[in-house]
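Asks: Keeping their order, the protein sequence lines are chains A and B. The first sequence begins at 1 in our numbering and counts up by one. The second sequence begins at 1 in our numbering and counts up by one.
The hints are simulated quantities; they were obtained by calculation from the structure and are not laboratory data. Incorrect hints may have been included.
To be verified - Stretches of chain A that chain B covers, calculated by requiring three or more beta carbons in the stretch to come under 8 Å of a beta carbon on chain B:
(1) 23 to 32
(2) 55 to 67
(3) 115 to 126
(4) 129 to 137
(5) 157 to 171
As the list claims (entries may be wrong) - So the derived label-pair ranges between C-beta atoms look like this:
(6) B:Ile85 / A:Asn108: 24 to 32 Å
(7) B:Gly176 / A:Arg53: 22 to 30 Å
(8) B:Asp75 / A:Gly7: 49 to 57 Å
(9) B:Asp105 / A:Asp105: 31 to 39 Å
(10) A:Gly176 / B:Thr91: 29 to 37 Å
(11) A:Thr100 / B:Gly153: 22 to 30 Å
(12) A:Asp152 / B:Ser147: 37 to 45 Å
(13) B:Phe183 / A:Phe62: 24 to 32 Å
(14) B:Arg170 / A:Lys63: 48 to 56 Å
(15) B:Gly54 / A:Ile85: 22 to 30 Å
(16) B:Arg53 / A:Pro151: 18 to 26 Å
(17) A:Lys159 / B:Lys159: 28 to 36 Å
Each residue gets a CB set at the ideal place from its N, CA and C atoms; glycine is no exception.
2 protein chains.
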Amino acid sequence: MKKISIGPRTLLYPHPDLIIGTYGPGDRPDAMAAAWGGICSSDPPSVAISVQRGRQTYENLFKHREFTISIPSVDHVKEADYFGIASGRDTDKFADTGLTPIKADHVNAPYVGEFPAVLECRLLQTVDIGVHTQFIGEILDVKVSESVLGPDGKPDIKKIRPFAYDSMRREYYGFGDVIEKAFSAGLEFRR
Amino acid sequence: MKKISIGPRTLLYPHPDLIIGTYGPGDRPDAMAAAWGGICSSDPPSVAISVQRGRQTYENLFKHREFTISIPSVDHVKEADYFGIASGRDTDKFADTGLTPIKADHVNAPYVGEFPAVLECRLLQTVDIGVHTQFIGEILDVKVSESVLGPDGKPDIKKIRPFAYDSMRREYYGFGDVIEKAFSAGLEFRR
Chain A
1 MKKISIGPRT LLYPHPDLII GTYGPGDRPD AMAAAWGGIC SSDPPSVAIS
51 VQRGRQTYEN LFKHREFTIS IPSVDHVKEA DYFGIASGRD TDKFADTGLT
101 PIKADHVNAP YVGEFPAVLE CRLLQTVDIG VHTQFIGEIL DVKVSESVLG
151 PDGKPDIKKI RPFAYDSMRR EYYGFGDVIE KAFSAGLEFR R
Chain B
1 MKKISIGPRT LLYPHPDLII GTYGPGDRPD AMAAAWGGIC SSDPPSVAIS
51 VQRGRQTYEN LFKHREFTIS IPSVDHVKEA DYFGIASGRD TDKFADTGLT
101 PIKADHVNAP YVGEFPAVLE CRLLQTVDIG VHTQFIGEIL DVKVSESVLG
151 PDGKPDIKKI RPFAYDSMRR EYYGFGDVIE KAFSAGLEFR R
């Protein structure tokens, strides 16, 4: 239980690896990996992602005010990593990886066709926080690959096979088994 | 690759399970589980968490403007779940679970002594987004249990053993092995 101070850091477990899809100059599909983000409201369903000024995606987001978030599976961890290395200013990341940009139905933004889940988002507001700008988007629709649905019609995490990012060691790690039911496992402590 | 629309939802993989520590009325230590949140800036290191109006933690956050985020391990998934079920208005959740509230060093807020990692945060700003309010906090310090440090002195995820929340099935799931190095695995796609 003894704690060691390691100073102010962006430690958190787990960080997601979110692939932000936008159209860039010349309407070229662009995608960028972001680990700084998460759901920020239940109603309207909303998600927040932070992007640094200077990124091509930053310009694209302000221009179109619509974006997608594609959730990668472990099958495409290398491609997802590339989306965080290269810049859409220099290259076509979809062409480089061989992945398929598909125009979203509800917003003017592309998503990654091969990835198992995608959120279609419209920008609600931006918040400047130090070196990052947080883009808050309303989730207008969610799409999942037919192949990752369970027998009950719900997305099945064992088929989605997401992964997480460890910012302390700059590594990606996979997921494991379901361990407990939420809003249930803790009931034993109720007095 | 065929996609099915499932409508606007708070789908994301992985969601974290973040335990927000605050002092409540009478300076009683309080803690609440939040899955809507994540890192939102690298500099200053900052984290965003969303809390609904009506929660005791919502009042506590506005009163003290300081909080902690404790990261639970799978060893305490039941206790963490309880923090998301009970209200600090009705009960002392630390007493109920037998966990130890420890006052943070840099902020006037308690953290969970038994959990492997904790962020000490000072409120920078709030953003209203529908039914939730997002609390953005600067991370003033991070503490980790001595027992979860690797031989190189960095936090080791295999010792921290975090878990994630699946909002589609309301279940918690564990994590697996490291699968790739970030900012490295994708270099093979560079032209």
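Asks: Does each hint hold? Answer for all of them.
Replies: Okay, the hints, checked on the actual structure:
no. : hint                            : verdict
1   : 23 to 32                        : violated (count 0)
2   : 55 to 67                        : violated (count 0)
3   : 115 to 126                      : holds (count 5)
4   : 129 to 137                      : holds (count 6)
5   : 157 to 171                      : holds (count 12)
6   : B:Ile85 / A:Asn108: 24 to 32 Å  : 41 Å, violated
7   : B:Gly176 / A:Arg53: 22 to 30 Å  : 35 Å, violated
8   : B:Asp75 / A:Gly7: 49 to 57 Å    : 26 Å, violated
9   : B:Asp105 / A:Asp105: 31 to 39 Å : 50 Å, violated
10  : A:Gly176 / B:Thr91: 29 to 37 Å  : 31 Å, holds
11  : A:Thr100 / B:Gly153: 22 to 30 Å : 43 Å, violated
12  : A:Asp152 / B:Ser147: 37 to 45 Å : 40 Å, holds
13  : B:Phe183 / A:Phe62: 24 to 32 Å  : 26 Å, holds
14  : B:Arg170 / A:Lys63: 48 to 56 Å  : 38 Å, violated
15  : B:Gly54 / A:Ile85: 22 to 30 Å   : 43 Å, violated
16  : B:Arg53 / A:Pro151: 18 to 26 Å  : 38 Å, violated
17  : A:Lys159 / B:Lys159: 28 to 36 Å : 29 Å, holds
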